[in-house]
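Student: With chain A held as given, fit chain B onto it using these hints.
Read top to bottom, the protein sequences are chains A and B.
Its first residue numbered 1, the first sequence is counted upward by one per residue in our numbering.
Its first residue numbered 1, the second sequence is counted upward by one per residue in our numbering.
Since the hints were made in silico from the structure, they are not lab data.
Just so you know, these numbers come straight off a predicted model, no measurement behind them.
Ideal placement from N, C-alpha and C gives every residue a C-beta, glycine not left out.
Please note that a few of the clues may not be correct.
Claimed, not checked - Below 30 Å or equal to it, Euclidean Cα-Cα: the simulated DSBU-like pairs (lysine-lysine) are: (1) Lys160/B - Lys55/B; (2) Lys169/A - Lys160/B; (3) Lys576/B - Lys22/A; (4) Lys149/B - Lys169/A; (5) Lys220/A - Lys169/A; (6) Lys225/A - Lys183/A; (7) Lys22/A - Lys581/B; (8) Lys581/B - Lys18/A; (9) Lys31/A - Lys160/B.
Stated by the list, open to error - Residues from chain B that face chain A, not an exhaustive set, calculated with beta carbons under 8 Å: (10) Trp169; (11) Phe176; (12) Phe371.
Stated by the list, open to error - The following label-pair restraints were derived from C-beta to C-beta distances: (13) Gly606/B - Ser289/A: 31 to 39 Å; (14) Lys595/B - Trp82/A: 48 to 56 Å; (15) Phe176/B - Ser151/A: 47 to 55 Å.
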Amino acid sequence: MKSLKNLATRWFNNWLDKRQPKARVVTLTQKIIYILPSRFGLWYILLLILLYLLGTNYQNNLILLMSYMLVSVLLLALTLAWRNLHNITVSCAPVLSAYAEETLMVPVTLQAPLPRQQLQCYFYHQQQPAFTDNSQQIMVPLITERRGYFSLPRLTVHSYYPFGLFNCKSMLNLDYHYWVFPKPLATDAINSLGENSGNKNQLADDYDTIRSYQSGDSLKLMLWKRLARDPTSPVVKHAPSSPQPEPDWITIPAVSGAALEVALSKACYLMLQLEQRGKPYGLRINKKSVDPSCGQQHLERCLREMALC
Amino acid sequence: MLVLLSRQALLFFYVILLAVIMLLHQALPLWYSAILLLLLLYRWPLQQSSSKVNKLKRINIIAALILLLLLISIRQSGVFHFMIQILLLSVTCRLVLIRQRHDSHQLLWVLYFLLACCFIFYQSILVSLLILALLLLTLYSHYQLYASKQHQLQLLQLGKAILITLPIWISLFLLFPRLQPLWRIPTAEAAVTGLADSLDPGSIENLVQSDKLAFRAIFSGSLPPRQQLYWRAKVYEDFDGRSWNVNQRFDRRQPGSRQSANPNIEQTVSYQIIAEVSNQRSLFALGMPVQYANSVRPASAYLVEARRPVSQRLSYQLVSELQAIPQDIALEQQLNSRTVSANPKTKVLAAELVANAGSTAGLIEQISEMFRQQPYFYSLNPPRLGDNSIDAFLFDSRTGFCSHYASATAVLLREAGVPARVVGGYQGGVWHEEQQYLEVRQREAHAWVEYYANNGWQRFDPTAVIAPERVLDGLDAALSADEQNQLQASWRRFSAFNYINQQLLHLDYYWSVWVLGFDESQQLNLWQQLKAAGKLLALLGSLLVAALLLWWFLRLQRQPPKFAAPVLLIRRYFGKVLVNKPAGQHFSQFIAELKTHNAANTTLLGKIDSLYQRAVYADDQQALLLLEQHLKQNAKTLAKLNWPEKQASAR
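Looking at chain A on its own, in the form it has when it is part of the complex:
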């Protein structure tokens, strides 16, 4: 039974893939909007049949009139449901990344010439859908599990508008990918992975001292939370004034399986710490290596290397 269901799902997915190939920007057209009666819609149809029978049995034209009126409401709901989704242009932010086991909020852009009502978006059915009425951009949650580089799953845009009788939906195959970096794992031995452990104590020391901001201080040292509370007197973390003579190298040991994951997680944490402090660092994984540097782009590059290894 279960295999049969799997087979049906696979067949359905293939059919969908063939019907609507991947694209960066998708406009919802008649071809890719699917309208199915919801459970309540089926009950409603049963109601219509019952009213028709009641009306004919009592030979009561008013009941018949009412049942026909509800039929026309059903048809109206069908049209309105279709119009609610029709002609929406869906796209997505180009770069997406998150740490493993975190919820990735995917910014989805829905552009429509006319205002739409009660649109919902989700990637997997079990997840909380994101709602939108007027706003063009909504954040659709996507729970990440493993590190890696994945293509975006099918995005379902659907609405029960109006009357909740029809589930009008479109399953979009958006051509985007997202990165899942290793989950950062806090570690005390901040340099245990690094070869150069020269300034271990100093690192631990200057972590919790702060001083007031003076011009020329790196913005990376700024305590933003504090600034939000008290904008008049900015405060920065106390950083060692003397530059590091040698960059840190983060080396991933040649292990595999769970041990590798742990190592990657710890390395990730370390990397973030170093980045926060503005210290250059390099990465060595197996035979690959990224030369020591600093900055957001460098961090991104290193994290991607770790995601893929």
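Tutor: The following block gives chain B in isolation, referenced to the frame of chain A:
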């Protein structure tokens, strides 16, 4: 997914449910309505959150108890009413506990069903409009559940939606096939109105006090003279000395339908009757009915009856012959010659009359003469009569209403050996010339006599002898001013009210003819008419399609073009080469690249580029014109522009 209901939605549901409980009060015992209202009060301060689990348990226990009570009283209420009661119970409990949008599905479903059930109890135009309003309110709350809160329902959109639904609705009603009733409907006990199965000396006077409509009649020919408008409803054959009763033979079903073999075309009248709710089977017919509609069937003594008690307006078609009613069964004469030993004076009088008169016709003449010449009076308020009611009337009070005269005449005839019976029904009616229908109210109730002579039951109306105005001009003409006032409700005396009331009645008439009376035969007629007008309809349809296409085309043209004019020009003339331009590249860069591949046309391309830039970015009209000229002149050159294949694939 949790979507809580708004206070407004709850309030609307409360209003609708209260109205439904009021409307369905006929199906509910009083104690049950009270319980429902109390249950509703339980939730009254319509707060959102509450200790739900606790409540659910409590409500379930209450509902179970009420269900038990309902089951005990199922005998009294009947199956249909029981169903309504259960539905109301479930919807009330649901409303008390409701929190989320998802819960409202069952609520809405049952509300729709109950609103439809209201139409079983009410079909008059005013109440129907009220129910329709409730239905629209339900639909509105239903819509609001699934619409965004920020969006107000816009009138324009609503109008469009109605424009879409209305034709579908109406055509479904007119054209969708109807089924015969599938099963017998359990009918509930309800108050019977109209003529009863027994006729006391005072019963018709009571009926006449009522201003309620009994039925309406529409004649396909001209209106027969008033003297012929005797609507037979009941035949009373059993007399117990004081009151007349319907014989048991009327309870039995008449086998088969009784279609006349050779209807006398000249004397027939064809008419449609729309009978009001009476909760009894007996219906109304003139003379001898010879053709019956499907919804009615013949009864004994050439009466007409409905297939089940008339619990909603019933419309039926009849063809009648205005002549003496033939004998129905062999025993009929015997049945109507029985006498009782009450009223000894009447017996003596009958013997005298027989002795004086030679024939039956002579006897009738004698009786008429007696009523005409001796001091007999026609009155709405006759004195009460004792046990020997006929004696007391004929010899003491001499004042009576139609039932007194009919009853006395029938007894006299029976004592004289002529089979006779009392017929109850209606006489006359108010003819509305403009609307072409006859309105018959309960106040037109009447009783007269049928006696057997010349192989048929002849009609004799003693009231016509004593008060001929009653037959010719209606009841009001025969009564004194005081008695007329007694009949009219005080508010009816104001002419304005009267006028409005009459207009409403006319509206009600059209309502019952066009909406309530619409049935299979009319539907069939409509289909045939549509078929006959098929070509015309096809023409109309194609015209409509053409008009729609034209409208669409015009709308398409009026839409602003997607791109500015110069861009369109470039697109048109550069055609093939433009395919190679990457999406993000600027046009000037593209031209520069083109120039490298087409050395011969460098100047031309440069010119076009500069004109294009001026036209697009400086909005220069003259540049646009020049650009168009240039492009036109060099169309051929532009079509042959080179783009190296290899390089294109390498990119």
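Student: Against each hint, give a clear statement of whether it holds in the structure.
Tutor: The hints, checked one at a time:
A threshold of 30 Å between alpha carbons decides the hint, and for lysine 160/B with lysine 55/B the separation of about 44 Å lies outside it, so the pair is violated. Taking the CA atoms of lysine 169/A and lysine 160/B, the gap is about 24 Å. The hint holds against a cut of 30 Å. For the hint linking lysine 576/B to lysine 22/A, the alpha-carbon distance of about 26 Å falls within 30 Å, and the restraint holds. Between the alpha carbons of lysine 149/B and lysine 169/A the distance comes to roughly 21 Å, so the proposed pair stays at or under 30 Å and holds.
Taken as a hint, the lysine 220/A and lysine 169/A pair is broken in the structure, with Cα atoms around 45 Å apart against an allowance of 30 Å. Using a Cα cut-off of 30 Å, the hinted pair lysine 225/A and lysine 183/A holds, with the two alpha carbons roughly 23 Å apart. Straight-line distance between C-alpha atoms of lysine 22/A and lysine 581/B comes to about 23 Å, which keeps the hinted pair within the 30 Å bound. With a C-alpha separation of about 29 Å, the suggested pairing of lysine 581/B with lysine 18/A holds against the 30 Å cut-off.
Proximity of lysine 31/A to lysine 160/B is assessed by CA-CA distance (about 25 Å); at most 30 Å being required, the pair is judged to hold. The restraint placing tryptophan 169/B at the interface with chain A holds, with a minimum CB-CB distance near 4 Å, inside the 8 Å limit. Given hint, phenylalanine 176/B at the interface with chain A, holds; its Cβ is 7 Å from that chain's nearest Cβ, closer than 8 Å. Interface restraint check for phenylalanine 371/B: the shortest CB-CB distance to chain A comes to about 46 Å, outside 8 Å, so the restraint is violated.
At roughly 51 Å, the beta-carbon separation of glycine 606/B and serine 289/A lies outside the given 31 to 39 Å, and the hint is violated. Take lysine 595/B and tryptophan 82/A: their Cβ atoms lie about 50 Å apart, and the range 48 to 56 Å holds. For the hinted restraint 47 to 55 Å between phenylalanine 176/B and serine 151/A, the CB-CB distance of approximately 50 Å keeps it satisfied.
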